[in-house]
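**Student:** Below are the chains, spelled out letter by letter.
There are 2 protein chains.
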Amino acid sequence: MAYLERIEGLVKDRAAWPKEDMSLVLLVLDGVGDVRHPDFGMQTPLERAETPNLDALALRSAMGRIMPVDYGITPGSGPAHLGLFGYDPREVEIGRGVLESLGLNMDLKFGDLAARCNFCTLEGGVITDRRAGRPATEESRKLCKLLQEKITGIEDVDVIIQPGMGHRFAVVFRGPGMEEGVCDTDPHENAEPLHEAVASHPGAEKAARIVDEFQSRALEVLKGREPMNAILVRGIAERPDIDSVTDRFGLNAGAIATYPMYRGLAKLVGMNVIETGTSIEDEFNTYRDTRKDYDYHFIHVKGTDEAGEDGDFDHKVNVIQSVDSRLGMILDQAPDVLAITGDHSTPCCMKLHSWHPVPLLLHSGRCDVSGGSRFTEHECTEKGTLGTFHAVHLISLMLANAALLDKYGA
Amino acid sequence: MAYLERIEGLVKDRAAWPKEDMSLVLLVLDGVGDVRHPDFGMQTPLERAETPNLDALALRSAMGRIMPVDYGITPGSGPAHLGLFGYDPREVEIGRGVLESLGLNMDLKFGDLAARCNFCTLEGGVITDRRAGRPATEESRKLCKLLQEKITGIEDVDVIIQPGMGHRFAVVFRGPGMEEGVCDTDPHENAEPLHEAVASHPGAEKAARIVDEFQSRALEVLKGREPMNAILVRGIAERPDIDSVTDRFGLNAGAIATYPMYRGLAKLVGMNVIETGTSIEDEFNTYRDTRKDYDYHFIHVKGTDEAGEDGDFDHKVNVIQSVDSRLGMILDQAPDVLAITGDHSTPCCMKLHSWHPVPLLLHSGRCDVSGGSRFTEHECTEKGTLGTFHAVHLISLMLANAALLDKYGA
Numbered sequence: 001m002a003y004l005e006r007i008e009g010l011v012k013d014r015a016a017w018p019k020e021d022m023s024l025v026l027l028v029l030d031g032v033g034d035v036r037h038p039d040f041g042m043q044t045p046l047e048r049a050e051t052p053n054l055d056a057l058a059l060r061s062a063m064g065r066i067m068p069v070d071y072g073i074t075p076g077s078g079p080a081h082l083g084l085f086g087y088d089p090r091e092v093e094i095g096r097g098v099l100e101s102l103g104l105n106m107d108l109k110f111g112d113l114a115a116r117c118n119f120c121t122l123e124g125g126v127i128t129d130r131r132a133g134r135p136a137t138e139e140s141r142k143l144c145k146l147l148q149e150k151i152t153g154i155e156d157v158d159v160i161i162q163p164g165m166g167h168r169f170a171v172v173f174r175g176p177g178m179e180e181g182v183c184d185t186d187p188h189e190n191a192e193p194l195h196e197a198v199a200s201h202p203g204a205e206k207a208a209r210i211v212d213e214f215q216s217r218a219l220e221v222l223k224g225r226e227p228m229n230a231i232l233v234r235g236i237a238e239r240p241d242i243d244s245v246t247d248r249f250g251l252n253a254g255a256i257a258t259y260p261m262y263r264g265l266a267k268l269v270g271m272n273v274i275e276t277g278t279s280i281e282d283e284f285n286t287y288r289d290t291r292k293d294y295d296y297h298f299i300h301v302k303g304t305d306e307a308g309e310d311g312d313f314d315h316k317v318n319v320i321q322s323v324d325s326r327l328g329m330i331l332d333q334a335p336d337v338l339a340i341t342g343d344h345s346t347p348c349c350m351k352l353h354s355w356h357p358v359p360l361l362l363h364s365g366r367c368d369v370s371g372g373s374r375f376t377e378h379e380c381t382e383k384g385t386l387g388t389f390h391a392v393h394l395i396s397l398m399l400a401n402a403a404l405l406d407k408y409g410a
Numbered sequence: 001m002a003y004l005e006r007i008e009g010l011v012k013d014r015a016a017w018p019k020e021d022m023s024l025v026l027l028v029l030d031g032v033g034d035v036r037h038p039d040f041g042m043q044t045p046l047e048r049a050e051t052p053n054l055d056a057l058a059l060r061s062a063m064g065r066i067m068p069v070d071y072g073i074t075p076g077s078g079p080a081h082l083g084l085f086g087y088d089p090r091e092v093e094i095g096r097g098v099l100e101s102l103g104l105n106m107d108l109k110f111g112d113l114a115a116r117c118n119f120c121t122l123e124g125g126v127i128t129d130r131r132a133g134r135p136a137t138e139e140s141r142k143l144c145k146l147l148q149e150k151i152t153g154i155e156d157v158d159v160i161i162q163p164g165m166g167h168r169f170a171v172v173f174r175g176p177g178m179e180e181g182v183c184d185t186d187p188h189e190n191a192e193p194l195h196e197a198v199a200s201h202p203g204a205e206k207a208a209r210i211v212d213e214f215q216s217r218a219l220e221v222l223k224g225r226e227p228m229n230a231i232l233v234r235g236i237a238e239r240p241d242i243d244s245v246t247d248r249f250g251l252n253a254g255a256i257a258t259y260p261m262y263r264g265l266a267k268l269v270g271m272n273v274i275e276t277g278t279s280i281e282d283e284f285n286t287y288r289d290t291r292k293d294y295d296y297h298f299i300h301v302k303g304t305d306e307a308g309e310d311g312d313f314d315h316k317v318n319v320i321q322s323v324d325s326r327l328g329m330i331l332d333q334a335p336d337v338l339a340i341t342g343d344h345s346t347p348c349c350m351k352l353h354s355w356h357p358v359p360l361l362l363h364s365g366r367c368d369v370s371g372g373s374r375f376t377e378h379e380c381t382e383k384g385t386l387g388t389f390h391a392v393h394l395i396s397l398m399l400a401n402a403a404l405l406d407k408y409g410a
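Going down the list, the protein sequences come from chains A and B.
Mapping the first sequence onto my numbering, position 84 (from 1) lands on 84, and the numbers just tick up by one.
Mapping the second sequence onto my numbering, position 363 (from 1) lands on 363, and the numbers just tick up by one.
One or more hints might be untrue.
Any copy, or any two copies together, can satisfy a pair, since identical chains are not distinguished.
[What the hints assert, rightly or not] BS3-like cross-link-like pairs, simulated, lysine-lysine; straight-line CA separation at most 27 Å: (1) Lys407 - Lys142; (2) Lys383 - Lys292; (3) Lys302 - Lys19; (4) Lys407 - Lys302; (5) Lys223 - Lys145.
Please keep in mind that the hints were generated in silico from the structure rather than gathered at the bench.
Just so we're clear, the structure is a prediction, and the values are computed from it rather than from any experiment.
Input sequences plus hints: build the corresponding full structure.
**Tutor:** The following block contains the structure:
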């Protein structure tokens, strides 16, 4: 059933589009979903917030709830966004190294192998501190610079190093034949020696050799620099080889996000990352300014997730109200399809991502108006004519609402 | 993606559990689901019943509806329970012989082949009564005893016989190489001769030989004992080879049930069957007494199904009220996760199991409170933030609500 599971077979040629300046907008309020909990007055932040503009839009929209990955599954940001973009997160995996390097604003090309690394302390042949005494980011940054100066390549493979926070950094290996399938050199506990990089299949033997050589050279460079005298290489993964949204859905897509990781995720699926500022207002202005340049915009608002992770209910309410008060900036541009949802829930009572389905509002001139009067978790359930469905189907609904899909069969 | 369809890859190691004395409870009111029907005042038994304790719990719980197997599929007790336990009943099959022998309280080991049998009447080489004139259970019991005395084993295979009701009994064949794949010796109509046991594949040839020999010897033993002078062997099946709930979900599980079949089903998935009495009160006391011994309890209440099968609406209401009035016995033990549902519906107007989705109430400190005020079929639909979903996903939601699942992806 690939034909229907992947709807690309039905996407109309651009020549058959109903209009030229099509604008589909996916507005992601990261982690916006929440649950009613006695600690917070049995209301969710969306219920508590005053959202006159979302309310008015809800009256004219279809609503439902999105399950990010599957029942009971709490997604990381990678799988959660892939689903919204139309890639089944149960099929496409994004390795830790890839996500880390995207989060550090590194560019990833097909065939690249990315790893996240720790500085660590090695004494008498065993690890004594997997985090090297938690160095300041500045310390780490200096040593990354030194490593990069001394190690620019191994054999025919370029080595690209990027510092992160504290003891963490990322490495991208760029060269022919760097296949995924190399185990961590990190023993994952203290009092153990560094592991060798082992290939899990013959195709990954070159990659294992390069990673081992990288680790050996790093040890030479760091010799005597206790406590940061060694490194651990972890989560070695290649950029997933997936079609772009252009190939798959015929869309010329632009991404507006303030955090590198979300820009990176958008790049993975072939979106063009658009320069923007740091505020919601900046992001919405960027949409206005580039509305005609793209068929599809992904706009990412981070504040809701941060507030949820902090358990800061009032701040989550405030971020929602900030979005609401600026919603007109998007609506003024008359997008043909506007989907407002989250990538996952981040309930304030849990201070973590969760599995709970996320509210969805879908507005277009062809939507099945649900009859709800508020964009909340519970209206999206009780009135939600879209039901509760897997995130991967959202793109199909967006394309259908834009009249970009052909009829199936005669 | 077996990884997510079967969520075992995400189950946390016990060392990473948020607490030690975890208690997940699955309370199954067998056949509790019903439908609104004019013959019964257009109310379901759950709607008619006075359930102050369930109502109060509903106000603080997530609700939804469970589809036991699939749209329009009416399950037997086996598939219905497997689903609730986290085993997809569309993939795992339990043969009739296995279910019959479990229902007769027989122990089944891996590699055992179980069959259900009839006493029947053979005249002039053909079956004249497939039920041997429906003998009293006592008559049948005597002949089973005789058969067991005369036939204790065939070749290197033990033969274990257990009488059932009326003309029915069960046989377990225990020995090496007893593979599933033997057809019934029952011609399934009168005026036909007994069939030979035929192997459907070469691996089942030994089993076919043993079954044939069992039937021949039984005929010798029963010679002259008309009308019970022959037997039919049917539903020959082996114990399904499935992981235990411990292997699959990391749970140490105990089962509390008054009927052998449900205890047997629990044993199939590696639950420990706990001794209990015959009443709901006994069962709930058993939970209290063993709360600390298990991470997960399956508690089975049979009365709702019996009332449904009898079409006895008032009795079904009474059983529901009995459970409600004792619900505090469970709540007092503060289970971390409590799921209350049925294995299937047994509508009073049908007097049979049915395919109608079953109401579900899921309570935990992390649940998405649905805002319903009653645990009924219709509140579970209209307010149900969990939606209507396949039973096999219940275990994922229970584990998620107990914080026993890792995040998926970074």
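**Student:** Each of the hints needs a verdict: does it hold here or not?
**Tutor:** Okay, the hints, checked on the actual structure:
| no. | hint | in the structure |
| --- | --- | --- |
| 1 | Lys407 - Lys142 | neither (59 Å within a copy, 33 Å between copies) |
| 2 | Lys383 - Lys292 | neither (34 Å within a copy, 41 Å between copies) |
| 3 | Lys302 - Lys19 | neither (32 Å within a copy, 31 Å between copies) |
| 4 | Lys407 - Lys302 | between (37 Å within a copy, 19 Å between copies) |
| 5 | Lys223 - Lys145 | within (15 Å within a copy, 82 Å between copies) |
Of the hints listed earlier, those the structure fails to meet are numbers 1, 2 and 3, in rising order.
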